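From first to last, the protein sequence lines stand for chains S and U. Residue numbering for the first sequence follows this note's numbering, starting at 4 and increasing by one per position. Residue numbering for the second sequence follows this note's numbering, starting at 4 and increasing by one per position.
Rather than coming from a laboratory, the hints here were simulated on the basis of the structure. Mixed in with the good hints, there may be bad ones.
Said to hold, decoys possible - Below 25 Å or equal to it, Euclidean Cα-Cα: the simulated SDA-like pairs (lysine to any residue) are:
1. U:Lys149 <-> S:Val52
2. U:Lys149 <-> S:Ile58
3. U:Lys149 <-> S:Glu82
Claimed, not checked - Computed footprint of chain U on chain S; a stretch qualifies when at least three of its residues, placed anywhere within it, have a C-beta under 8 Å from a C-beta of chain U:
4. 39-46
5. 73-80
6. 118-125
7. 128-135
8. 172-184
Said to hold, decoys possible - Cβ pair distances, simulated, as ranges:
9. S:Met105 <-> U:Leu63: 31 to 41 Å
10. U:Ser157 <-> S:Met105: 40 to 50 Å
11. S:Ser214 <-> U:Thr67: 50 to 60 Å
12. S:Pro40 <-> U:Pro203: 20 to 30 Å
Note that the structure is predicted; figures quoted are calculated from it, not measured. Note that CB positions come from ideal geometry on N, CA and C, so glycine has one too.
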Amino acid sequence: MTADVSATVRPVPTTAAPGTPPRGRRVNRVDRSRPAPVSQILLTLVLLVFMIPFIWMVSTSLKPGNEVFASPPSLVGSEIRLANFSEAWSYVPFGRYMVNGMVVAVLGTLLVCVTSILAAYAFARLEFRGRELIFLLYLITLMVPQEVMIVPMFILMQQLGWTNSYQALVLPWAFSAFGTFLLRQFFLNIPKELEEAALVDGASRLRILTSIVLPIARPAVAVLAVFTFINYWNSFLWPLIITNSTDLFTVPVGLNGFLGQQGSQWHLLMAASTISMLPTVVMVLLLQRHLVRGIALSGLGGR
Amino acid sequence: MTLVAPAAARAATPGNTAAGRRAGLTALGFLAPSGLGFLIFTLLPIVGSIALAFFSWPILGDHTFVGGRNFVTLVTTDPVFFRALRNTVIFVVLYVPVNFVISLGLAVWISPRIRLRGLYRVLFFLPAVTPIVANALVWRLMLQPKGLVDDLLSSGLGLGPTNLLGGQVSAMVCVVAMSVWQGFGYNMLVFSAGLDAINPNLYEAADIDGVSRWRQFWTITVPMLSPSMFFAAVLTMITSFQVFSQPYILTGGGPGAATQTMVMYMYQKGFQFYSLGMASAISTVLLIIIVLVTGLQFLGQRRFVHYDG
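Sequences are here, hints too, so could you generate the full structure?
Pasting the structure below:
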């Protein structure tokens, strides 16, 4: 809306006397690709304000503990204390939480990608009875929010004897219909002709999937993988419910426990929070081009 | 959804011939890993969630069928349920429009005339991918008494010491503000993609006709973007009804029950008071509300959404 408030108006021949601002209907014509320096500066200021929480987190993580609430607030404390990071690490078993989080997120992501690729290919390309019906069932479950399934999922884990276990952290959310749905849409857009020659040559479907379809679908699979990883890594409510020993805590549950336990140690808590953000931030910055396109294509929006 | 079958597959109607049976087996092989997990870990819990609401089901011990008693308890004697319901609705009513205005505004602002627009987009999107618990923690640090915000308000503006997280109204405002900060990036990216897909000739033609920027926004941008907006509205609404982590970390639901939400209450009932049946009843009510609201949105879509690319 505010896009062109500061736009430079291209000079338009008018009959108005020089000096009076041009007021004709044509004043609106603007070159839509020309840089807009004022707009850019304002946007950068907005971005800076927006980043304050991140800036404050890193700033606090580097201050001595007794300067966290110093008044007036300052960005840099009397010293830059990198030791906060190692102290946070030993204050709580944070390394353990990071490893747990990694193991769970990587296993979950692998599982989601493999099962979704196979099922999506079946729905997109293979002929079998009941295909449309089963796919409809998948679609319907997309509407049901995870939170609604938490209690029955907990009871299921109890029945299986899996509470407080890695499989309880990984398996319950590895079979949502989302990945299958996303990849099926992508596979449907790949021209069939590419596969037909190989079919005639007698290649198996699995072979065709891995050597023809997957290379083309790599961006879509990458998007699915990154978002699945992020979801596992950031997930809070489920790990909070299903784990009760620090041996199995993931990073968000660990941070929450840290808060309860060491409420006043904000410099250490912020150091831990900063570390917790690194994996996803790095991933997103590295893959930024893919992600923006992937969100457009998959509609992962709306959080 | 309909597929034109390749010649080889068309000849074999599934199941009727040897080739068809083989095709069926292949399909089964592809579908089994996902399908089996889907059956156990998606379908079963969904069906179970509704059934459980009719049981008294303590975490340890025997469960018994109690009919609609959980629901009756919730609406008649439960002291917190309606408060949590009301808070959740207030949250949704505040969160969704603010999220939309900011995400759409920024998507439009980061136009092709902005250099490095990809970088701006990703930076505004960052809090959506960093752990929500870590995000909420730093907000809590900034908002609590003697924190950054309090210091700026009291010494900077002379407003006296503030306790934003401790006020009935201000606590909810904080939860909404933090949630918007954290969450609008998704919609911003969806809208950005939608905007990039609009044919620039439309704007050029409007420029030539002397249509003002403001009118162009309402007569070109909004209609062309309405499919993305509808889609984003449905998803944002669904996720915002499930708000949990932000109030849990920021306020713990307080002060009193001022920021207690339905999912928080479900968590409390189920996993702090160990009554899984009651927790299921709460989540069933939540599901019904979400289904109703989504249904209404789909009904409204005919009037407001413009489909023809």
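Checklist entry - Looking back at the hints listed earlier, which ones does the structure fail to meet? => result Violated hints: none at all, because every hint is consistent with the structure.
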